[in-house]
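Visitor: Order-wise, the sequence lines are chains A and B. Going by this note's numbering, the first residue of the first sequence is number 499, and it counts up by one from there. Going by this note's numbering, the first residue of the second sequence is number 499, and it counts up by one from there.
Calculated directly from the structure, the hints in this document are not laboratory data. Quantities reported herein were computed from a predicted structural model and do not represent experimental measurements.
Treat identical chains as interchangeable: a pair holds within one or across any two.
No more than 27 Å apart at the CA atoms, straight line, and that leaves these computed lysine-lysine pairs for BS3-like:
| no. | residue 1 | residue 2 |
| --- | --- | --- |
| 1 | Lys896 | Lys843 |
| 2 | Lys900 | Lys746 |
| 3 | Lys896 | Lys727 |
| 4 | Lys755 | Lys538 |
| 5 | Lys727 | Lys900 |
| 6 | Lys824 | Lys538 |
| 7 | Lys824 | Lys781 |
| 8 | Lys755 | Lys894 |
| 9 | Lys843 | Lys916 |
| 10 | Lys781 | Lys504 |
| 11 | Lys655 | Lys839 |
| 12 | Lys777 | Lys939 |
| 13 | Lys824 | Lys777 |
| 14 | Lys727 | Lys841 |
| 15 | Lys900 | Lys655 |
| 16 | Lys727 | Lys746 |
| 17 | Lys611 | Lys762 |
| 18 | Lys746 | Lys894 |
| 19 | Lys900 | Lys733 |
| 20 | Lys727 | Lys894 |
| 21 | Lys939 | Lys504 |
Protein chains: 2
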Amino acid sequence: MPNLRKHANEIFEHVLDALNPEQLVKKKISIHDSTFLVEKREYNLNNYENIYVVGGGKACAPMASAIEELLGDRIDSGVIVVKYNHGLPLRKIETIEASHPIPDENGIKGTSKILSLLSKTGNKDMVICLISGGGSALLVQPHKEITLPAIQTTSAKLLICGARIDEINTVRKHLSSVKGGQLAMASYPSTLITLILSDVVGDPTDIIASGPTVPDESTFEDACEIIQKYSLEDKIPNSIYRFLNNGKIGKIEETPKTGNEIFKNTQTVIVGSNRIALKSAEKKAIDLGYNTIILSSLVEGESREAAKFFAAIAREVSRTGTPVLKPACIIAGGETTVTIKGKGKGGRNQEFALSAALKISGCDGIVVLSAGTDGTDGPTDATGAIVDSNTCNNAKVKFRLKPEEYLSRNDSYNFFNKTGEHIITGPTLTNVMDIMISLVK
Amino acid sequence: MPNLRKHANEIFEHVLDALNPEQLVKKKISIHDSTFLVEKREYNLNNYENIYVVGGGKACAPMASAIEELLGDRIDSGVIVVKYNHGLPLRKIETIEASHPIPDENGIKGTSKILSLLSKTGNKDMVICLISGGGSALLVQPHKEITLPAIQTTSAKLLICGARIDEINTVRKHLSSVKGGQLAMASYPSTLITLILSDVVGDPTDIIASGPTVPDESTFEDACEIIQKYSLEDKIPNSIYRFLNNGKIGKIEETPKTGNEIFKNTQTVIVGSNRIALKSAEKKAIDLGYNTIILSSLVEGESREAAKFFAAIAREVSRTGTPVLKPACIIAGGETTVTIKGKGKGGRNQEFALSAALKISGCDGIVVLSAGTDGTDGPTDATGAIVDSNTCNNAKVKFRLKPEEYLSRNDSYNFFNKTGEHIITGPTLTNVMDIMISLVK
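For reference, chain A alone in the conformation it holds in the complex (with noise of 0.2 Å):
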């Protein structure tokens, strides 16, 4: 199957081409003389005195660089916030890296200049404002009541005790001084545009990067429910207690919500989605010359339980041509999980691989492909890989492998690597989760 194989790799290069940041941006906005065009609402820029650019999340240097493309001198300053090595030449808009997945100073450093920056806009000032994946480990600035170690050791405790993501980032929401509406509420009243690049499933604009922008829904009254709930009232620091009980009873200020006059002046934008990614790709296998299906940008859950049900397609249209005619290209997009019970290393693409091949072998003429738009996979190198229906049985004829192990100590990282079928892009400084792509003949 090498043209399969081919095909697929190609798709992908494809999709990574359609989610290069800058060109995201230049697809959303525009400018024509004085009229600002974003999506399709109008920016008199005459009207304007300051334009101000800030921003956090690890593909923040490619969007603020089109965002100075676009608008050059009319900007005034700037400051966003990236992972460290993650920076780009800016002219306007300075750059702070700083710490991910874990903050640091930093990000605080970053996050403070942002807010001090803000602080000086008024009702004829334009922000911009850039989001995106990782956004709320460098966009971090703890409530002047408390530090950011006590943060931490409040966050690590949520995560251990099995509490949701949504109440995890309640409480988190509610320590910051930034997340949760809290960077509108600096800007007003300037007329507000939010740019975003999404990573999470959905599109969630209240989570991506813990919604800076957006109307928070959650109270200081549910953040203590959550601590009660799972009895970390003497787990977690007494400083964050004490705040957190004082928020409830109302000496600190709750994070705006829908309706806040603060929300008039502000305009939020997804400039890339998983679903972006789906549609590059749909539109690559077409030129190739395959029939095509979109099955979902929300795919979630068990990565090898995920490949079961997306091999289960796949062989179907190898059987019957249902859902679509042979040449096929079936296309996922999402973000799975890996519930990590082997010793082994992998990602949750690659597991995904490994897990659709076992599913695929023996049935001829299909390749799945599974890969993380932003270039890495897991603790690996690797961005994904690619399988076919000989896959297994290569392995276990050429290498001696047992295909089924390796899935079970989740070590697909060291399968692929001794079958040469991973694929290896490095950081893409996009990222839009992941994208599995099925080729079926």
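Let chain A serve as the given structure and place chain B on it in line with the hints.
Guide: Frame of chain A; chain B shown alone:
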């Protein structure tokens, strides 16, 4: 969503009607004067002296009834083995009821009668063999050197040692006088027509009811290797261990392989399968005005995880009209599994529905139904369950139930018992595994 729920139920009822084994048999065979047409193959009944009907499986009585209706007095005699209380009044064909899933002496008695009947057949005779789910436990005849209790001990050891189902079947086939093509051996040199109602994902004829009438590619040597692989030499009865090793050195006749003379005058027809269930669901959904998509008839894996993938597609349809426009009916089938971790009561379809309910919660206008076509789901009196976007919220508000907790302790039956969302049909006398339907408006 009263309409969506009503329609989902109507679609499932239509599926059950279409799966009536009597109707399924009549769709594949017909008779015109002396021409007996089986799928596309013609048999001139004038060329046959005697016609015998044999078989085993839970759905064999209605299948036999269809044969009696078609061939009437042309049938000389016959014997089928069905599960207790699964018999029907027949004129020419003797019905023996036996135990399932644990075989008993009645199963052996019935199988002996079949083998004794077949021993009389010659090359001027026709044998019609009816196979359906459960046939492996009902058609049971230990090799004459070993006993049923010894086989049962071996099966139990294999089941708990971690052996795969195909490995367990390899051993079982070599301990039997009827599985793995040996019923075809007994029918030889008659013309043999096998009609199969498939209850196995992908309809593999060598696995359904342990393939009594089709070639078996596994060997005594394979069986011995499996015993060694799981270090069962000292754990299984001595008689079994000795018997398998005697087979390995050629002292006992192998199961017949592909190309064997005995398969020359045989025809094997799948009269019913999961795909037929999905196609009939599609037909009814189209009649009700839905756009339809059949995803796959090969769904396997952990129920709750398969449900997440299925729900991700339903939500994508709801959001974007991909991969099918609303109002949409999404159809899948197969057989998932439940890894039991809690102490609750449930079945794979109820667990699928509960997991899906959590994922579609709050996404308006989505209904998900999951049900077993045999009318039973796990060790419960329910067939499956039907859920919608409000299921979880209703459960919380009206009944003070926590859906996540019911799911985590595998207690889907008690959850739906309280919300009143069970589907209950009672046993259907048919079985082509499960069907999952989502309606999205």
